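The residues making up each chain are set out below.
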Amino acid sequence: MIKPVLLWTDALIFLLIIIVVSFVFYAMRHEHLRAPWRQVIRSKIGFVSLLVLMSYVVVAVLDSMHYRLPLEQTNSNSETHYSVEVLSVLDAIIMPLKENEEKTYSSPLATNLFSQETVELSNGEKSRIHPRLIYGGASLNDPESEHVNDVLMAIIRGVAAGMLIAATLILLVLNILARKRSDSILNVFGAICRRKEKIPWHVVFFAGSVMLIVVAVAASLSQGYHVLGTDKVGQDVLYQATKSIRTALAIGTLTTLIMLPFAVMLGIMAGYFRGLVDDVIQYLYTTLNSIPGVLLIAAVILILQVYIDANPDLFTTDAERADMRLLFLCLILGITSWTGLCRLLRGETLKLREVEYVQAAAAFGVGKLKIIMRHLLPNVMHIILISVVLDFSGLVLAEAVLSYVGVGVDPSMHSWGNMINSARLEMAREPMVWWSLMAAFVFMFVLVLAANLFSDVVRDAFDPRLRKG
Amino acid sequence: MLAYIIRRILYAIPILIGVNLITFVLFFVVNTPDDMARMQLGMKHVTPEAIIKWKQANGYDKPLLYDAATNGTGALTQTIFFDKSVRLFAFQFGQSNSGRNIGHDISQRMWASLAIALPVFIIGILVNIIVAMLLAFFRASYIDLSGVVLLVVLMSISSLFYIIGGQYVIGKLFHLVPISGFSTGPDAWKFLVLPIIIGIVSGVGSGSRWYRAIFLEEISKDYVRTARAKGLSELSVLFKHVLKNAMIPVLTGAVVVLPLLFMGSLILESFFGIPGLGSYTIDAINAQDFAIVRAMVFLGSVLYIVGLLLTDISYTLVDPRVRLS
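In order, the protein sequences belong to chains A and B. Under this note's numbering, the first sequence has 369 at position 170, and the numbering climbs by one with no breaks. Under this note's numbering, the second sequence has 693 at position 62, and the numbering climbs by one with no breaks.
What the hints contain is simulated information worked out from the structure, not anything from laboratory work. Just to be clear, a hint being listed does not mean it is correct.
Reference listing, derived: stretches of chain A covered by chain B, where coverage requires no fewer than 3 residues with Cβ under 8 Å from a Cβ of chain B [to be verified]: (1) 225 to 238; (2) 355 to 367; (3) 635 to 644; (4) 651 to 662.
Result set (DSS-like, lysine-lysine): computed pairs, CA atoms no more than 27 Å apart in a straight line [as the list claims (entries may be wrong)]: (5) K861/B - K871/B; (6) K852/B - K550/A; (7) K325/A - K431/A; (8) K803/B - K431/A; (9) K569/A - K550/A; (10) K875/B - K852/B.
Owing to the predicted nature of the structure, the values given are computational and were not obtained by experimental measurement. Built from N, CA and C at the ideal position, the CB exists for glycine as well.
Make the full structure from the sequences, and use the hints.
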């Protein structure tokens, strides 16, 4: 039997998903919350970027279900021992990427190693050649003549598979839509083609198909090759980049999850109670804000590292140790980033507490806590939501910079920052090793771009000042 | 006005004490004076006597925060924290672990940081205003739309990639300027031009978008409509009316970061090998040099508070409607 492992960040990620899902159900039953989300869904950019973000989230969630495999038993009656390596469901899905390691660098889709090695030929002479890869193109007998054809065939297979899956999914969606309106599928499809729909389904179908085809081509190619090459120790770059998704999303979301209660509570309290409470809270955030963020993060990470090194028996696996560092990174990023939201909420609450309905509630003798929960909190919700979505992309970018400075996630953890950091010196090689950087760049760029576009749409939909009519 | 400024400066003192306390506690959790002594004297063959001697020589032989043995105010003043913090308030940073004078190092390295940060800041604001003005002029057209898309794309790229890409294209591919390094002589511009360009480009995305939003908000106001109704051309409306009023948020947003320019840029400096305060800080973090880190934290906090104060003052200068009280 496998042994499930629940890391701290896993638990928090699942908690976050529960919160989001319950919020979605709550929002669906309330018209004033449904209206802005409808606006988000009806915008082309909004829906497509949501689709991209969701696909990242799926990968991250799969990567958050961890388990440990049992070791082979030597005698049957003894207790089962488990491997020290913590795997995730994602690892199980993309196992070929993880397991097939090469000796060192190989370029994308290569059949031979990037570097030359001296080999002894059968007649005793020595020669410098690029040796064949263990995995990449191993099925080919003569790489020079068969390579291009084989790659092309794999791409065609991938495109075909991707289109097939996309067509099935589109039919499924059409079927659901048709059933909901008790109309025929053809009529619904016609309406979408003539762009009569409020939700831009034609754009969504197109973008979804493109994404599926890209994934299918990558999957088909990785059956025989390292799609994005391998790094210095021969690990597949595509595997690293995919595993980094969870790290980035964890930092982008858990940081917010951790800091949100403090920021909201303190911000509203400062604005509502004023006086001494306000002074203390203002002092607190001015002090924290005036410490340069990087130095504070560096200090905490150094402390944690010393603590971990001093207590090695607290953690049974490397993954748990790396996870603890990730959690603390989220924590300290939260401490340095809650001040902005807190100040915004304080200002907004100062304004809101003078509004008639709050005054009326106070005059009726409604308790302070109840006023905060019933009247103030719902009316600052849009500020909270907008700043959460806006912060996300900044946090993902910050992770890369922090890992570069050396105070980011654990070096053993996959992250785009670590990939950039280790690939940085490879730029100086001649010819250049560019694929690690490229992979980190593309994966990160797509995520941050989607998050930026999505946050714009969300802000337009929720900010009452920007709302039309 | 003067009373307000004095009050704000007095208000800064408890904040600085708080900052000091936090950094002090954070670093002494990891790094006890005994550890520091051992690190300085070399890990091997350190006798307890040598540690005590080092602690006495460097002023680390007192209690950390509270001295229970002495009475009255002495309980608070006869401590390492008091000793080391009071000197910071007089900007006496003392010596780093390697025995160099930190204050001297900072005053030396400050200029290298400024040589990068100041041009990036000033040219950056100019570029952002020009781009935002252009987009505001062509607002709600395809030029505006594609411009905004381009800005979002630009701000979605990590600054690390701007640096790596810039170094590769300009430094390695075209050999226009050296990839990294620094010089104080007349050829200094060669080393400075690339980091400055990269610093500006990496800030254009978010900066221009923000300014564009400010300009558009100004454009939708009544006085702009009045100006147009009086028959002014669109260009003179934009430059004479909108720009002037939009400068209030632009300027005050810029003033708060102005003092922090002294701190330099962490990643630009370390990528380009510029001996400024940013790379100084990174080196100190890696070497766990507590004295330098504490000095930099203190300096950063002072500059931040100065920035806040300058922001408030600049509000009254550019916007006569605001009065300080």
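Evaluation of the provided hints:
1. Coverage of the stretch 225 to 238 of chain A by chain B is violated. Counting CB-CB distances below 8 Å, 0 residues qualify, and the rule asks for three or more.
2. By the rule of at least three residues with a Cβ nearer than 8 Å to a Cβ of chain B, the coverage given for the stretch 355 to 367 of chain A is violated, with 0 such residues.
3. Given as covered by chain B, the stretch 635 to 644 of chain A passes the check, having 4 residues with a CB less than 8 Å from a CB of that chain where 3 are the minimum.
4. Coverage of the stretch 651 to 662 of chain A by chain B holds in this model, with 3 residues showing a Cβ closer than 8 Å to a Cβ of that chain against a need of three.
5. Between the alpha carbons of K861/B and K871/B the distance comes to roughly 14 Å, so the proposed pair stays at or under 27 Å and holds.
6. For the suggested pair K852/B and K550/A, the alpha carbons sit about 22 Å apart, so the restraint of at most 27 Å is met.
7. The suggested pairing of K325/A with K431/A holds, with an alpha-carbon distance near 25 Å, which does not exceed 27 Å.
8. For the suggested pair K803/B and K431/A, the alpha carbons sit about 22 Å apart, so the restraint of at most 27 Å is met.
9. Only pairs whose Cα atoms come within 27 Å are accepted, and K569/A paired with K550/A is accepted, the gap being roughly 18 Å.
10. Proposed proximity of K875/B and K852/B is supported: the alpha carbons are some 13 Å apart, at most 27 Å.
When each numbered hint is compared with the structure, violations occur for hints 1, 2.
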